[in-house]
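Colleague: Line by line, the protein sequences are chains B and X. Going letter by letter, the first sequence gives residues 0 to 764 in numbering that gives the first Met the number 0. Going letter by letter, the second sequence gives residues 0 to 764 in numbering that gives the first Met the number 0.
If you're looking for bench data, these hints aren't it; they were derived computationally from the structure. Some hints could be false.
One copy or two, either will do: identical chains are not told apart, so a pair holds if it fits within one copy or between any two.
Simulated crosslink set (EDC-like; lysine to aspartate or glutamate; CA at most 16 angstroms straight-line) [said to hold, decoys possible]:
1. Lys202 x Asp497
2. Lys467 x Glu227
3. Lys202 x Glu17
4. Lys202 x Glu496
5. Lys467 x Asp604
6. Lys8 x Glu654
7. Lys467 x Asp504
8. Lys202 x Asp14
9. Lys568 x Asp552
10. Lys290 x Glu175
11. Lys24 x Asp198
12. Lys59 x Asp288
13. Lys261 x Glu70
14. Lys751 x Glu554
15. Lys59 x Glu557
There are 2 protein chains.
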Amino acid sequence: MSPYSMVGKKMPAIDNREKVTGRAKFGMDLNLPGMLWGKVKRSPLPFARIRRIDKSRAEKMIGVKAVLTAEDMPGIPYGTYLPDELPLAKDWVRYVGDGVAAVAAIDEETAEEALELIDVEYEELPPVLDPEAAMLPDAPPIHPELANIKNNIAYRLAYTRGNPDQGFSEADLILEDRYFTPETHHAYLEPQACIAQFDSAGKVTYYASLQSPFNARKLIARSLGLPEHQVRLIQTYVGGGFGGKASAIQPLYPISAVLAKKTGRPVKMVNTRQEDFMTGRPRLPEIIDLKMGFRKNGEITAKEVRIIGEGGAYAGMSPATLIVSATRSGSLYRFRNIRMDAKLVYTNKIAKGAFRGFGNPQMHFALESMLDDAAARLAMDPMELRLKNATQVGDVTAHGWIINSCGLSDSIRRAAEASRWTEKRGKGKKNRGIGMACLIHVSSKMGMHPLFDGSSATITMNEHGKVKILSGEGDIGQGASTLFTQIASEELGIPPEDIQVLLLDTDVAPVCLGAFASRVTAMGGNAVKMAAVNLREEIFKAAAEQIEANPLDLEIREGKVRVKGSLDKACPLNEVAYKAVFQRGGGLLTGIGNYTVPDWVVAPDATQYGNISIAYPFGTQVAEVEVDRETGKVEILGIWAAHDLGRAINPLTAEGQIEGGVVQGVGFALTEQYVWKDGRMLNPNFHDYRLPTFMDAPPMSVIFIEALDPAGPYGAKGLAEPALIPTAPAITNAIYDAIGVRIKDLPVTPEKILRALRGLEEGKR
Amino acid sequence: MSPYSMVGKKMPAIDNREKVTGRAKFGMDLNLPGMLWGKVKRSPLPFARIRRIDKSRAEKMIGVKAVLTAEDMPGIPYGTYLPDELPLAKDWVRYVGDGVAAVAAIDEETAEEALELIDVEYEELPPVLDPEAAMLPDAPPIHPELANIKNNIAYRLAYTRGNPDQGFSEADLILEDRYFTPETHHAYLEPQACIAQFDSAGKVTYYASLQSPFNARKLIARSLGLPEHQVRLIQTYVGGGFGGKASAIQPLYPISAVLAKKTGRPVKMVNTRQEDFMTGRPRLPEIIDLKMGFRKNGEITAKEVRIIGEGGAYAGMSPATLIVSATRSGSLYRFRNIRMDAKLVYTNKIAKGAFRGFGNPQMHFALESMLDDAAARLAMDPMELRLKNATQVGDVTAHGWIINSCGLSDSIRRAAEASRWTEKRGKGKKNRGIGMACLIHVSSKMGMHPLFDGSSATITMNEHGKVKILSGEGDIGQGASTLFTQIASEELGIPPEDIQVLLLDTDVAPVCLGAFASRVTAMGGNAVKMAAVNLREEIFKAAAEQIEANPLDLEIREGKVRVKGSLDKACPLNEVAYKAVFQRGGGLLTGIGNYTVPDWVVAPDATQYGNISIAYPFGTQVAEVEVDRETGKVEILGIWAAHDLGRAINPLTAEGQIEGGVVQGVGFALTEQYVWKDGRMLNPNFHDYRLPTFMDAPPMSVIFIEALDPAGPYGAKGLAEPALIPTAPAITNAIYDAIGVRIKDLPVTPEKILRALRGLEEGKR
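All chains should be modelled from the sequences, with the hints used to inform the complete structure.
Modeller: Spelled out as structure tokens, the structure:
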């Protein structure tokens with residue numbers, strides 16, 4: 000039983016009604032009077048020099064208000080880690096889809112037609128399409144302007160923990176293998192969309208469908224050469240992000256601003272679905288060489304990893320993604336000896352970026368696949384192998400992570416129990432099999448900002464006793480507003496209807512890092528809780544004067560402030576608020592919550608060592624599959640998802656998070672990939688890019704492991720990313736259990752299954 | 000020399016640039032996607048019963064989305080003082096212009112056409128057009144539904160101060176006269192305009208061109224039968240108000256909401272200029288019977304006043320206007336004995352309301368005219384007569400007003416000096432004359448809200464050291480935002496460019512009463528000053544840690560926080576802010592200022608006795624005129640306006656306030672009036688309604704009398720209304736000085752001059 004009245008309660012998301020009635024305005028829904036439409040002309044070639052751009056015909060077209068090329072832009076390279084991007088390409092185009100010119104016109108169709116009138120002359124170059132080839136000494140540099148980039152390696156992280164050589168020397172079993180993961184797309188419902196508008200003081204205001212408005216503001220300001228305070232972002236309802244609308248800004252932001260500046264009118268830009276596929280920032284594809292040593296009893300003695308991340312044309316957020324690949328899973332088990340060498344490589348393909356889980360799903364796929372193989376070789380139950388090595392409460396991991404709560408072992412046992420693991424495993428009956436995979440992730444992240452991780456919220460109560468929450472974290476559809484409402488409702492003893500979460504405006508809200516790193520529940524939640532507690536104290540102070548009581552004796556129950564246990568000494572909350580507000584000259588009752596991480600949470604060092612998060616979520620998923628040996632088709636019979644989320648503040652939305660994550664994991668496992676030919680994506684649409692549909696969603700059982708964390712609000716940890724991370728290896732491990740086939744490159748297409756089955760049979764002959 | 004750096008400095012209004020470039024969006028400029036236009040069908044008769052309304056033809060018209068009559072409205076009578084209004088008339092129409100039906104259509108033209116298709120059958124009744132006739136026993140009741148209204152008297156204020164009978168018995172001279180003032184219109188540049196939009200939770204949001212959004216919210220909510228928190232007002236730029244957009248709401252607010260509710264779409268309504276004239280809330284016309292007693296030395300012994308205010312069809316704000324007429328000027332001089340009987344009377348003409356100065360210009364016209372006559376009869380210089388009786392610092396007036404600052408006598412002397420009063424007066428040369436009039440007004444007003452007068456503001460500083468001011472007072476073009484910016488700049492030591500005043504949103508701002516009673520400078524200014532001081536303390540606390548100093552030793556100079564007098568111990572403010580914000584988890588540095596009036600400011604009692612304002616502005620205007628005896632035309636040769644505004648925080652905008660007021664006073668004196676025929680206004684447009692133009696603006700000299708008030712910010716008092724109050728009597732007194740003609744009913748048309756001159760000559764014969 001929850002000791003709370005609202006926390007732990009299943010509450011439908013507060014914006015459901017606005018959304019299902021179509022009243023919620025997403026970025027692409029907004030229109031402003033006098034607005035123009037912006038569109039971008041894109042390179043049809045993966046690698047070329049731009050010889051000449053003639054925009055004169057387009058400029059003369061009726062309805063066209065401005066045409067831009069790189070010459071018209073501020074010319075300031077930007078990027079989250081490396082200044083390697085320009086909103087419009089200058090001199091070089093580096094992938095199919097690179098913007099070369101932009102148009103603002105009176106409507107979308109006119110803008111699109113005008114693009115056809117822009118003549119671009121290219122000198123085609125042989126593209127670099129393979130990341131390993133890109134690192135060869137004779138490969139052409141993709142960013143010749145960046146002098147300190149050698150062999151197209153944009154970023155590299157190498158480190159050693161413990162003594163890997165000794166670890167391997169102690170091993171009874173050493174496995175080595177190579178794993179591949181593909182590009183996959185976020186496939187958010189709403190495409191990238193914004194409107195930019197300048198005021199006469201030279202300040203640009205965006206209405207933007209973005210995940211991390213404050214981080215985006217910094218990059219946008221840099222790209223425009225404006226000070227940050229001259230950029231204002233008003234977050235619209237966001238139709239999904241999954242990392243794709245996180246801080247690596249899309250070129251449409253600077254381009255729309257320059258068009259708006261030039262025309263003096265608001266300029267709207269909305270990517271087509273094809274543009275989103277071809278120019279968005281999909282999941283970083285990785286080639287992972289993994290080597291692990293085990294003792295006979297299953298204990299892991301060492302791990303050696305080489306990762307090649309194919310970053311494509313621009314680095315963007317990919318260094319962060321690579322870091323996550325190269326580190327996170329090192330704290331899932333009791334690794335002592337790790338050697339890591341991870342490289343991010345430029346190629347002439349689409350730039351990659353942040354996607355739910357960052358690089359964690361990629362590396363978890365490799366690690367959890369190899370554990371499964373090791374269990375087979377050691378003749379152990381894979382569950383036991385995991386329990387043997389599982390990280391435990393009180394551990395300080397190989398990366399210096401301090402584990403104050405850990406539901407990992409519990410999640411393994413509960414997922415196994417629920418799925419009837421022992422009963423089903425290893426039978427191979429009817430081509431059915433069962434597989435397991437675990438995960439660890441963060442729940443906030445020091446080091447994304449030079450000075451802090453934390454969050455701040457302000458809560459006001461007006462003269463009617465109604466409450467407004469001001470946070471800068473933002474709701475991107477993940478339910479942040481609902482969660483904040485529940486927390487404020489819990490602490491203030493008022494019903495959710497009396498609470499409103501204001502939409503995010505960077506000119507008004509406290510500075511927040513936003514929705515990534517599964518940080519909003521923990522960070523934003525702590526801030527809102529603090530603000531609510533402070534507001535409650537304000538209310539008690541005011542009420543204490545009014546009903547002549549000690550503030551410390553008061554409580555709020557059923558809409559009344561009253562002396563605990565007394566029914567006489569009570570006053571309706573709205574009366575308390577009414578009097579208090581006017582005793583303050585109209586000033587609202589205000590609680591501010593400034594949450595910063597405790598001292599023992601630190602930014603990581605250059606090797607990524609350090610306790611970077613206030614808490615770490617864990618979990619285990621079990622998949623049961625049936626494989627059709629004739630067609631190679633994999634049917635998922637069930638997924639049991641046991642997630643340590645600290646506390647389920649809203650079990651309903653938490654369940655939704657997990658279900659959505661699992662389905663995204665199913666796509667990553669079985670169907671989703673960019674199909675390439677000569678550097679061109681062949682499937683940039685929802686017909687050819689095989690996203691799982693409702694029909695593909697497997698039966699799912701969600702199990703909450705509530706390993707309360709002392710630092711999270713009510714013990715809660717992040718849940719947004721974890722749900723996706725173990726799904727793919729759980730499925731491939733189940734396939735192995737079903738038919739003895741190990742697929743090491745995702746997605747597991749029927750063709751790969753059939754090919755592998757043929758290989759098995761040939762092996763037998 | 001001002002001891003301040005920003006306060007007292009001429010600063011152009013901060014929104015000038017937005018306004019002159021046309022980028023500032025006024026209420027009538029705004030459009031929302033999917034928006035409909037609303038229009039109102041109006042009564043052509045001054046008094047009638049509605050027999051039948053047939054809206055079926057209009058409803059069938061293509062493009063028409065909704066047609067409303069009273070039946071479709073909530074049917075809740077509302078009004079600031081009396082619940083005598085309905086947004087659409089039910090059963091009765093009470094003036095030409097009363098709304099009977101409303102339409103929402105796809106555009107303005109369609110809506111207007113649809114009005115023609117609504118058939119209304121009236122039973123015409125003899126209208127009551129004269130306020131004195133309206134009070135006769137046999138006059139038909141204009142509001143038969145209001146049982147406790149007798150003789151069409153909507154409101155009455157009667158009181159006695161001291162012993163008037165004894166006062167008159169001590170008088171050497173008793174004068175009695177009757178004065179008339181007409182309806183005049185605010186003639187704001189932007190007509191009444193709003194957009195109403197419902198969300199799915201049943202909350203209505205208005206974008207509104209309103210003076211007092213929080214007061215309006217209360218009335219709108221009442222008229223719609225919604226709780227106040229279900230109504231949100233977002234103030235647009237306001238194209239002038241002058242009281243016409245104050246709290247007596249226009250029917251377009253409830254009507255647009257009901258249309259929006261019914262159609263599920265945003266509905267925009269903008270009055271035509273004709274609608275604004277015919278249905279706005281112009282100045283309350285008054286018939287004033289004034290009797291005064293004087294000793295030979297000029298001392299006033301008693302005053303007896305009867306006022307009939309012609310309120311028209313609905314009471315609205317007129318009771319407040321009448322109260323102002325009946326009280327304010329009683330504190331201008333050292334009155335001891337007053338008898339007052341003021342009545343507000345219903346007629347079948349346009350409802351009246353608030354207009355700059357409320358009822359003060361009307362009563363000042365009567366009082367200052369009679370003082371001039373008394374001076375003539377007592378053979379005194381009118382200036383001396385005023386100085387003899389003038390209220391002084393330290394006085395507690397007949398109404399209980401506590402005078403803590405008073406520049407009245409100074410203003411009389413300085414205006415006289417500047418205008419070369421003594422030299423020019425009484426010469427009658429070349430038909431030229433000079434006249435003088437004084438004024439008193441309030442600068443805030445207890446009793447407009449049951450619990451308070453006061454103001455609250457929140458000021459935040461973000462990580463870039465940029466500042467935002469959140470106030471609920473609102474800028475209606477009077478320069479409130481500029482003033483708040485200057486005050487914050489003064490206290491925080493940062494340049495105005497780094498400060499932004501947020502537009503008013505009742506869902507975000509602290510509760511404020513808004514722009515009326517010349518209260519924004521005093522109340523809002525005090526709140527902003529307190530908030531800025533509190534924010535400065537926050538900054539010093541943060542900086543003290545960073546540069547290791549005592550917060551009490553710090554100051555902000557040239558963008559740096561530094562130890563007073565030391566150049567070594569200093570840190571740029573933006574660096575202080577940057578660190579401090581992130582030490583607060585992203586929380587902005589915040590200062591809250593909750594200003595409430597001191598204990599000695601009280602709500603008035605039932606007789607309107609009590610010290611209702613924190614401070615009282617005074618002033619004197621001198622007018623010099625030349626009268627053409629052939630045409631009756633009056634030319635104003637100069638106005639010397641000496642105003643006690645406490646302190647001129649911004650001499651530039653203060654000068655603008657006075658100049659604008661004087662021109663409005665010139666219109667009131669000479670040209671503006673509603674011309675009536677059988678209850679119909681004949682001149683509802685800017686061609687026939689004679690507003691002074693730039694060409695009619697007289698040469699003006701503005702003199703600031705800075706009688707610092709201890710309760711005002713930096714000593715400042717209100718200035719918005721005073722500028723208009725003495726202009727008309729100064730001009731009519733000058734006319735008397737020029738040609739010996741006393742005009743007692745405004746405006747002073749050439750016809751009245753010629754008629755009076757003829758009367759004089761006949762009198763001589």
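Colleague: Against this structure, judge whether each hint is valid.
Modeller: Cross-check of the supplied hints:
1. In the homo-oligomer, the alpha carbons of Lys202 and Asp497 lie at most 16 angstroms apart only across protomers (12 angstroms), although the nearest pairing inside one protomer, at 35 angstroms, exceeds that limit.
2. Taking CA atoms no more than 16 angstroms apart as the test, Lys467 paired with Glu227 passes between copies only; the shortest distance there is 15 angstroms, against 27 angstroms inside one copy.
3. Taking the closest pair of Cα atoms, Lys202 and Glu17 come within 16 angstroms of each other only across two copies (12 angstroms); inside a single copy the shortest separation is 31 angstroms, beyond that limit.
4. Taking the shortest alpha-carbon separations for Lys202 and Glu496, only the inter-copy value of 12 angstroms comes in at or below 16 angstroms, while the best intra-copy value is 36 angstroms.
5. In this homomeric assembly, Lys467 and Asp604 never come within 16 angstroms of each other (Cα to Cα): the closest approach is 39 angstroms inside a single copy and 37 angstroms across copies.
6. When the C-alpha separation of Lys8 and Glu654 is checked against a cutoff of 16 angstroms, the pair qualifies only within one copy, where the shortest distance is 12 angstroms, while the shortest distance between copies is 61 angstroms.
7. For the identical chains of this complex, Lys467 and Asp504 are neighbours both inside a copy (14 angstroms) and across copies (13 angstroms), given an alpha-carbon limit of 16 angstroms.
8. Taking CA atoms no more than 16 angstroms apart as the test, Lys202 paired with Asp14 passes between copies only; the shortest distance there is 14 angstroms, against 31 angstroms inside one copy.
9. For the homomeric pair Lys568 and Asp552, the shortest alpha-carbon distance inside one copy (11 angstroms) is at most 16 angstroms, but the shortest distance between copies (46 angstroms) is not.
10. With identical chains, the CA atoms of Lys290 and Glu175 are at most 16 angstroms apart within one copy only, with a shortest distance of 4 angstroms there and 111 angstroms across copies.
11. For the homomeric pair Lys24 and Asp198, the shortest alpha-carbon distance between copies (11 angstroms) is at most 16 angstroms, but the shortest distance inside one copy (23 angstroms) is not.
12. Taking CA atoms no more than 16 angstroms apart as the test, Lys59 paired with Asp288 passes in neither setting, with 55 angstroms inside one copy and 73 angstroms between copies.
13. In this assembly of identical chains, Lys261 and Glu70 lie within 16 angstroms of each other by CA distance solely inside one copy; the values are 13 angstroms within and 52 angstroms between copies.
14. Taking the shortest alpha-carbon separations for Lys751 and Glu554, neither the intra-copy value of 63 angstroms nor the inter-copy value of 72 angstroms comes in at or below 16 angstroms.
15. Taking the shortest Cα distances, Lys59 and Glu557 never come within 16 angstroms of each other, neither inside one copy (68 angstroms) nor across copies (50 angstroms).
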